[in-house]
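Each chain, letter by letter, is given below.
Protein chains: 2
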Amino acid sequence: MEENDVREKIYESITSKDTAALNNLFENMEAIDFAQAAEDLEDEDLRQVFEMLSKDNQTALMEEADDELRLRLAKTIDNDSLLTLFSHMQKDDIVDILGDFPTGRRKEVLNLMKSGDRKIITDLLQYPEESAGGLMSTAYLALNEDLTVTEGIQKIHEIGPKTEVIETIYVTDRQHRLTGTLDLRDLLSSPGAEKIVNIMHGNVIFVTPEVDQEEVAKLVSRYDLNAIPVVSARKQLLGIVTVDDVIDVIIQEHDEDMLQLAGVSSEERLNTSLGQSVRFRLPWLLVNLATAFLASFTVKLFESTINQVVALSAIMTIVSGMGGNAGTQTMSVLVRELSKNKITGAEAAKGLFKELLLGLIDGAVNGVVTGIIVYWVYGNLYLGVIVFIAMIGNMLVAGIFGFLVPLMLDKIHADPAVASSIFVTTATDVLGFFIFLGLANIFLPLLLGA
Amino acid sequence: MEENDVREKIYESITSKDTAALNNLFENMEAIDFAQAAEDLEDEDLRQVFEMLSKDNQTALMEEADDELRLRLAKTIDNDSLLTLFSHMQKDDIVDILGDFPTGRRKEVLNLMKSGDRKIITDLLQYPEESAGGLMSTAYLALNEDLTVTEGIQKIHEIGPKTEVIETIYVTDRQHRLTGTLDLRDLLSSPGAEKIVNIMHGNVIFVTPEVDQEEVAKLVSRYDLNAIPVVSARKQLLGIVTVDDVIDVIIQEHDEDMLQLAGVSSEERLNTSLGQSVRFRLPWLLVNLATAFLASFTVKLFESTINQVVALSAIMTIVSGMGGNAGTQTMSVLVRELSKNKITGAEAAKGLFKELLLGLIDGAVNGVVTGIIVYWVYGNLYLGVIVFIAMIGNMLVAGIFGFLVPLMLDKIHADPAVASSIFVTTATDVLGFFIFLGLANIFLPLLLGA
Numbered sequence: 001m002e003e004n005d006v007r008e009k010i011y012e013s014i015t016s017k018d019t020a021a022l023n024n025l026f027e028n029m030e031a032i033d034f035a036q037a038a039e040d041l042e043d044e045d046l047r048q049v050f051e052m053l054s055k056d057n058q059t060a061l062m063e064e065a066d067d068e069l070r071l072r073l074a075k076t077i078d079n080d081s082l083l084t085l086f087s088h089m090q091k092d093d094i095v096d097i098l099g100d101f102p103t104g105r106r107k108e109v110l111n112l113m114k115s116g117d118r119k120i121i122t123d124l125l126q127y128p129e130e131s132a133g134g135l136m137s138t139a140y141l142a143l144n145e146d147l148t149v150t151e152g153i154q155k156i157h158e159i160g161p162k163t164e165v166i167e168t169i170y171v172t173d174r175q176h177r178l179t180g181t182l183d184l185r186d187l188l189s190s191p192g193a194e195k196i197v198n199i200m201h202g203n204v205i206f207v208t209p210e211v212d213q214e215e216v217a218k219l220v221s222r223y224d225l226n227a228i229p230v231v232s233a234r235k236q237l238l239g240i241v242t243v244d245d246v247i248d249v250i251i252q253e254h255d256e257d258m259l260q261l262a263g264v265s266s267e268e269r270l271n272t273s274l275g276q277s278v279r280f281r282l283p284w285l286l287v288n289l290a291t292a293f294l295a296s297f298t299v300k301l302f303e304s305t306i307n308q309v310v311a312l313s314a315i316m317t318i319v320s321g322m323g324g325n326a327g328t329q330t331m332s333v334l335v336r337e338l339s340k341n342k343i344t345g346a347e348a349a350k351g352l353f354k355e356l357l358l359g360l361i362d363g364a365v366n367g368v369v370t371g372i373i374v375y376w377v378y379g380n381l382y383l384g385v386i387v388f389i390a391m392i393g394n395m396l397v398a399g400i401f402g403f404l405v406p407l408m409l410d411k412i413h414a415d416p417a418v419a420s421s422i423f424v425t426t427a428t429d430v431l432g433f434f435i436f437l438g439l440a441n442i443f444l445p446l447l448l449g450a
Numbered sequence: 001m002e003e004n005d006v007r008e009k010i011y012e013s014i015t016s017k018d019t020a021a022l023n024n025l026f027e028n029m030e031a032i033d034f035a036q037a038a039e040d041l042e043d044e045d046l047r048q049v050f051e052m053l054s055k056d057n058q059t060a061l062m063e064e065a066d067d068e069l070r071l072r073l074a075k076t077i078d079n080d081s082l083l084t085l086f087s088h089m090q091k092d093d094i095v096d097i098l099g100d101f102p103t104g105r106r107k108e109v110l111n112l113m114k115s116g117d118r119k120i121i122t123d124l125l126q127y128p129e130e131s132a133g134g135l136m137s138t139a140y141l142a143l144n145e146d147l148t149v150t151e152g153i154q155k156i157h158e159i160g161p162k163t164e165v166i167e168t169i170y171v172t173d174r175q176h177r178l179t180g181t182l183d184l185r186d187l188l189s190s191p192g193a194e195k196i197v198n199i200m201h202g203n204v205i206f207v208t209p210e211v212d213q214e215e216v217a218k219l220v221s222r223y224d225l226n227a228i229p230v231v232s233a234r235k236q237l238l239g240i241v242t243v244d245d246v247i248d249v250i251i252q253e254h255d256e257d258m259l260q261l262a263g264v265s266s267e268e269r270l271n272t273s274l275g276q277s278v279r280f281r282l283p284w285l286l287v288n289l290a291t292a293f294l295a296s297f298t299v300k301l302f303e304s305t306i307n308q309v310v311a312l313s314a315i316m317t318i319v320s321g322m323g324g325n326a327g328t329q330t331m332s333v334l335v336r337e338l339s340k341n342k343i344t345g346a347e348a349a350k351g352l353f354k355e356l357l358l359g360l361i362d363g364a365v366n367g368v369v370t371g372i373i374v375y376w377v378y379g380n381l382y383l384g385v386i387v388f389i390a391m392i393g394n395m396l397v398a399g400i401f402g403f404l405v406p407l408m409l410d411k412i413h414a415d416p417a418v419a420s421s422i423f424v425t426t427a428t429d430v431l432g433f434f435i436f437l438g439l440a441n442i443f444l445p446l447l448l449g450a
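Protein chains in written order, with the UniProt record's numbering: chain A, 1 to 450; chain B, 1 to 450.
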């Protein structure tokens with residue numbers, strides 16, 4: 001069913017106040033699809049929809065809604081209804097919602113909670129949203145290592161339905177410290193009297209709550225985990241980060257990389273307001289304007305040369321532009337490599353040497369083509385030779401800066417994916433103009449005499 | 001333990017032929033970490049390591065090795081040992097390995113297999129590597145819908161240990177057609193005599209084998225699945241794609257997007273050979289060279305204007321460069337949006353209108369700054385005014401092309417992430433030069449008279 005059709009049906013049922021039809025619609029589709037269709041409803045319609053849904057469906061909708069929709073939904077209902085709803089929800093989802101609330105209402109709602117819940121939620125609220133602590137769920141399945149297999153299975157019957165993952169069971173000691181993990185398959189196939197401590201795996205990969213979400217995602221994907229446990233400094237189990245949240249992190253980081261590379265905020269959407277878009281994009285453009293002036297003043301240095309051979313002004317843009325393209329290529333390979341592995345000094349030396357050879361080869365090929373066309377168009381052999389040499393020179397610049405800029409940014413712990421581009425293209429613009437126009441200036445008598 | 005330390009220990013144990021130490025090392029670390037340390041071993045050392053490992057550890061190493069290492073390992077052993085190893089491995093891993101084999105050896109190995117296995121493997125080999133069929137595993141857990149809960153649990157005890165996922169159980173009818181899924185929690189908490197058909201979920205999200213891996217990843221991440229079933233045209237269950245493979249797909253597609261945007265092959269690594277790098281990068285540079293000449297010839301059209309006001313040659317690069325930056329911003333937002341949602345005609349119209357306003361505002365701000373600096377540096381008011389107008393003009397060009405190019409590429413089913421960039425920057429270069437130099441040409445008397 002298309003999103004528009006869903007919305008159509010939603011309108012029908014709120015207009016006719018057909019509660020059964022609306023709940024029926026909800027239950028016969030995936031909650032995430034319903035949530036996405038509901039995003040475009042006006043506030044008043046959204047309020048009605050939510051009111052008409054059953055408690056179970058309200059909870060399911062809340063869980064699948066994105067941050068913005070959750071906040072809108074939460075605003076439509078009073079604190080008492082919100083608390084009833086929360087009582088059906090996972091703690092980490094409640095934390096996400098409260099985290100987006102204005103401070104005033106957050107305090108109000110927290111104060112209305114039972115003190116046990118309030119403590120858990122307040123603790124969770126302290127972790128940054130993009131850390132392991134901010135991502136984790138407390139709905140994990142943990143068994144004491146001293147239990148027998150039969151006791152363990154009995155426990156799972158009781159608490160299993162409330163947990164996010166049951167395939168992996170976490171094993172703790174009496175101080176609730178994580179001591180191992182247990183594969184549900186092993187539990188099911190072991191003799192009933194066996195102690196859990198004897199069938200668990202002792203080597204557990206875990207994180208502490210302050211670990212950045214990107215690092216969490218790396219571990220989960222590297223070790224093919226369903227979930228990764230989050231433990232305190234004293235190794236007490238605090239929660240788990242599940243693989244579905246990790247996928248969201250990976251996609252989010254991907255989007256950020258792509259957009260930041262282009263100087264756009266990762267928050268910008270097609271429907272971001274005009275004012276917001278201006279605030280997101282203008283600063284980056286002004287930074288680029290500064291670098292554009294750098295390149296422009298380089299050209300200005302050679303005004304008298306250009307004045308004598310005006311063809312230079314058309315040809316110089318080829319040299320600078322091609323350097324930018326080649327530099328971006330080198331930079332991209334480096335940025336990817338840095339995101340996967342550490343680069344040793346020896347690898348760096350070898351890599352840079354290769355980039356220089358590559359610059360020589362790519363520069364020579366592009367330089368020959370450009371030189372021939374320039375000679376043919378302008379009828380000046382020296383102009384062709386100069387552009388050939390300048391092209392090689394600027395491709396060497398591209399290789400050096402494309403290689404070293406990401407490496408140095410990584411060394412000083414800046415994100416090479418974000419900042420490399422502007423330094424590399426500034427170098428290839430400024431030095432590209434400088435090399436080409438400088439050569440033209442030196443060989444000016446030859447250019448004029450030909 | 002660092003990778004180098006692991007390699008050190010590996011060397012120690014092969015030099016001293018200490019089989020126990022090597023296997024001990026393997027079992028006390030994650031297989032993927034061992035595999036990555038083994039990647040840098042010479043062929044002969046690798047052969048020795050593999051020979052010294054126990055069958056179980058050989059299998060674990062094979063499963064975690066990347067494509068290249070797997071192939072190297074497989075080459076070190078003869079067909080009989082390979083078949084013994086295969087008998088411990090998942091079918092989809094065997095297919096991955098055989099898929100990389102030269103045709104000759106693949107046929108040899110296939111012919112040595114039992115005919116049942118050969119049929120399964122041959123069938124799996126037919127799916128493209130980057131499709132649901134190429135990714136799927138046949139180690140799923142399926143139960144007939146007519147079984148009772150007790151019978152189902154019994155079955156899971158038998159086949160559970162051999163499956164990749166047990167949290168989600170697939171339910172089939174007598175013709176092995178997929179009719180539902182079953183949460184293991186529900187199975188464990190239901191009365192023993194209940195039929196499975198009565199406790200399963202009927203709405204299943206599935207794919208057919210030819211579906212592209214990117215689509216598979218989208219569904220798994222959207223619906224938070226552990227695995228997605230792959231079914232034939234007649235809905236018979238063929239296999240499942242598990243979430244860990246989906247994460248690999250998402251990361252791979254991410255890398256491809258980033259690198260293709262820069263005109264680099266997604267296969268290029270830091271240690272790619274020089275010749276290979278030239279083959280990867282040179283074609284893209286030559287395509288860009290063609291577009292660079294387009295821009296260059298645009299400048300050439302105005303040679304006589306530049307000849308009279310040489311300052312134009314330095315200033316024109318600012319206008320073209322800033323247009324490129326603004327166009328890349330717009331394009332990036334669009335490309336991201338297209339990767340998530342369909343854009344309706346109304347949304348497109350509204351979005352384009354916003355981009356035009358944005359171009360006006362960003363162009364005006366950058367234009368004023370540029371105009372003032374130009375006036376101050378060159379002392380020519382008309383030059384300042386012309387660059388102000390040209391900047392707005394080129395930012396409008398950036399908005400229009402940055403918006404429409406990805407949209408049109410998506411319409412003709414080309415990948416907007418890959419191809420947009422070159423069209424957009426060509427437009428902002430060519431039209432940026434044209435607008436600025438064209439205006440200068442029209443108002444030449446004013447420029448000269450001032």
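Careful, some of the hints might be misleading.
Which copy is meant is left open, because identical chains are indistinguishable; a pair holds if it fits in one copy or across any two.
[As the list claims (entries may be wrong)] Derived EDC-like pairs: lysine to aspartate or glutamate, alpha-carbon spacing no greater than 20 Å straight-line: (1) 411 <-> 123; (2) 340 <-> 2; (3) 340 <-> 255; (4) 218 <-> 257; (5) 155 <-> 18.
If you are wondering where the hints come from, they were derived from the structure by calculation, not from laboratory data.
Computed from a predicted model, the values in this text were never measured in an experiment.
Status of each hint after checking the structure:
| no. | hint | verdict |
| --- | --- | --- |
| 1 | 411 <-> 123 | neither (34 Å within a copy, 49 Å between copies) |
| 2 | 340 <-> 2 | between (39 Å within a copy, 15 Å between copies) |
| 3 | 340 <-> 255 | both (17 Å within a copy, 11 Å between copies) |
| 4 | 218 <-> 257 | both (15 Å within a copy, 19 Å between copies) |
| 5 | 155 <-> 18 | neither (42 Å within a copy, 44 Å between copies) |
Consistency note: the structure conflicts with the earlier hints numbered 1, 5.
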